[in-house]
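**Student:** Assemble chain F onto chain C, guided by the hints.
Protein chains: 2
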Amino acid sequence: MRDMIIASTSTLHGGKYLEYLTSVLVKRLKRVDASQLLFIPFARPGGISHDDYTSRVREVLLPHDIEVVGLHTQKDLITAVQNAKAIFTGGGNTFQLVKMLHEYQLLAPLRQAIYSGTFYLGTSAGSNICGLNMRTTNDMPVVQPASFKTIGAIGYNINPHYLDPDKNSKHMGETREQRIAEFHIYNNIPVVGLREGSYIDVQGDQEILRGELDARIFEQEKNPYEVAPGYDFASLA
Amino acid sequence: MRDMIIASTSTLHGGKYLEYLTSVLVKRLKRVDASQLLFIPFARPGGISHDDYTSRVREVLLPHDIEVVGLHTQKDLITAVQNAKAIFTGGGNTFQLVKMLHEYQLLAPLRQAIYSGTFYLGTSAGSNICGLNMRTTNDMPVVQPASFKTIGAIGYNINPHYLDPDKNSKHMGETREQRIAEFHIYNNIPVVGLREGSYIDVQGDQEILRGELDARIFEQEKNPYEVAPGYDFASLA
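Top line first, the protein sequences correspond to chains C and F.
Position 42 of the first sequence, counting from 1, maps to 42 under full-length UniProt numbering, and the rest follow consecutively.
Position 25 of the second sequence, counting from 1, maps to 25 under full-length UniProt numbering, and the rest follow consecutively.
Simulated from the structure, these hints should not be mistaken for lab results.
Hints are supplied without guarantee of correctness; some may be wrong.
Same chains, same label: a pair holds when it works inside one copy or across any pair of copies.
Said to hold, decoys possible - Here are the simulated SDA-like pairs of lysine to any residue, each with C-alpha atoms no more than 25 Å apart in a straight line:
id: 1; residue 1: 27; residue 2: 11
id: 2; residue 1: 27; residue 2: 210
id: 3; residue 1: 99; residue 2: 68
id: 4; residue 1: 16; residue 2: 168
id: 5; residue 1: 30; residue 2: 165
id: 6; residue 1: 99; residue 2: 176
id: 7; residue 1: 99; residue 2: 189
id: 8; residue 1: 30; residue 2: 83
id: 9; residue 1: 222; residue 2: 59
Only a predicted model underlies this, so the values are computations on that prediction, with no experimental measurement involved.
For reference, chain C alone in the conformation it holds in the complex (with noise of 0.2 Å):
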């Protein structure tokens, strides 16, 4: 019975961190009795210290009475996301937050509380790592991970912060969608382009999309196409 939230971005243009999943995230927390949440800052973006990544977070959710624990401030990190009643993982850098999760052993005990029922957001990098590996990623690979093989709780890939190409740019680097293309040369994975301000809703079986945006499908040898909030994306997997 998976209970999780998959969100392209942490923060919308012009808002402030979290805001605008704060009420979904504080209804989700107390629908499962969470009065505690375990909190993954290995994907350190801009760099930002695993502790004061974590304050991000706790001033956040102080208001809503809601305690947030670092998982690098625990003794056994295996044992702290087996005991967790929710889990969050946050942006930044998908490489370090990989490279960290193998070097911990924590992929599996991920899968198997998700598949639990443990309550899951991730943000950006953090639905990165739900999909099947993380061949999908926008980030620098600024660090080499043991594996790009990430959760798999989810039977596609995701590409957070999807981004429509810009018809009038006089870049010649790659647009998103032709290095999604690319990715299928290789892959037959489905990917799931999530724009910003839209999120995976997966409850048991069902995995919607919500936010105000359309989502973009990319399949191998198929044309992409759009999907409208309220789709299921479970028949992808």
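**Tutor:** What follows is chain F alone, placed relative to chain C:
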């Protein structure tokens, strides 16, 4: 006695493939008396086949009486690299390129060839591999190479297609500058952001910026700074 052109891109906006580089390339090939160019097509931009990619280069050099040979057509790849007078590695996906170079054990032969004076042209992914590792590529990690280690023909890394932050953007994904700052959390290698149209002209001990645009240098724990055409990057090593 190195003899290299390390270019940000193969193609300028509105230009044809290799157009802006053809005259300097032909001049350099004549200088080393190379009537043949060994082309490494492994980066496969957009998934183009090795044959088709090689044909694209062949078409450009046909009017100049330069024969283009695809490395993939050679029986013994290492010997082909060792015997070449001139080598060109084209752009595309750096992960796929580096995966192939490791699988065929071509990194050491390429390094040796370059330091023995074999002319080398790299564009985009073909330039990324001239640095110490591929950790500053912009590409999507669509496949997993055995290692991120690259040729090390220069003592720093390249970020090709360097793109200045767009102040009007409402997109919350990281800017290029933020990504390189993340690289410097975990690495102390200098990074040269090469804008499109720029290249590094390596001749012996000199590594000179050519083209019309400035380049941007990123060093750990320093503010990034701009250098003008004519600048010698050799001291960065």
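**Student:** Can you give me the call for residue 99 and residue 176, within, between, both or neither, at a CA distance of at most 25 Å?
**Tutor:** both (24 Å within a copy, 21 Å between copies)
**Student:** Please sort residue 99 with residue 189 into within, between, both or neither, judging by C-alpha distance up to 25 Å.
**Tutor:** both (22 Å within a copy, 20 Å between copies)
**Student:** Given identical chains, is residue 27 near residue 11, meaning Cα to Cα at most 25 Å, within a copy, between copies, both, or neither?
**Tutor:** within (19 Å within a copy, 51 Å between copies)
**Student:** Is it within, between, both, or neither for residue 30 and residue 83, if the alpha carbons may be no more than 25 Å apart?
**Tutor:** within (17 Å within a copy, 69 Å between copies)
**Student:** Within a copy, between copies, both or neither: where do residue 99 and residue 68 come within 25 Å Cα-Cα?
**Tutor:** For residue 99 and residue 68, only the intra-copy Cα distance (23 Å) is at most 25 Å; the inter-copy one is 41 Å.
**Student:** Between copies, within a copy, both or neither: which fits residue 16 and residue 168 at Cα up to 25 Å?
**Tutor:** For residue 16 and residue 168, only the inter-copy Cα distance (18 Å) is at most 25 Å; the intra-copy one is 30 Å.
**Student:** Is it within, between, both or neither when you check residue 30 against residue 165 at 25 Å Cα-Cα?
**Tutor:** neither (40 Å within a copy, 40 Å between copies)
**Student:** At most 25 Å between alpha carbons: which applies to residue 27 and residue 210, within, between, both or neither?
**Tutor:** within (15 Å within a copy, 58 Å between copies)
**Student:** From the Cα coordinates, with 25 Å as the cut-off, is the pair residue 222 and residue 59 best called within, between, both, or neither?
**Tutor:** neither (44 Å within a copy, 31 Å between copies)
Comparing the model with each numbered hint stated earlier shows that hints 5, 9 do not hold.
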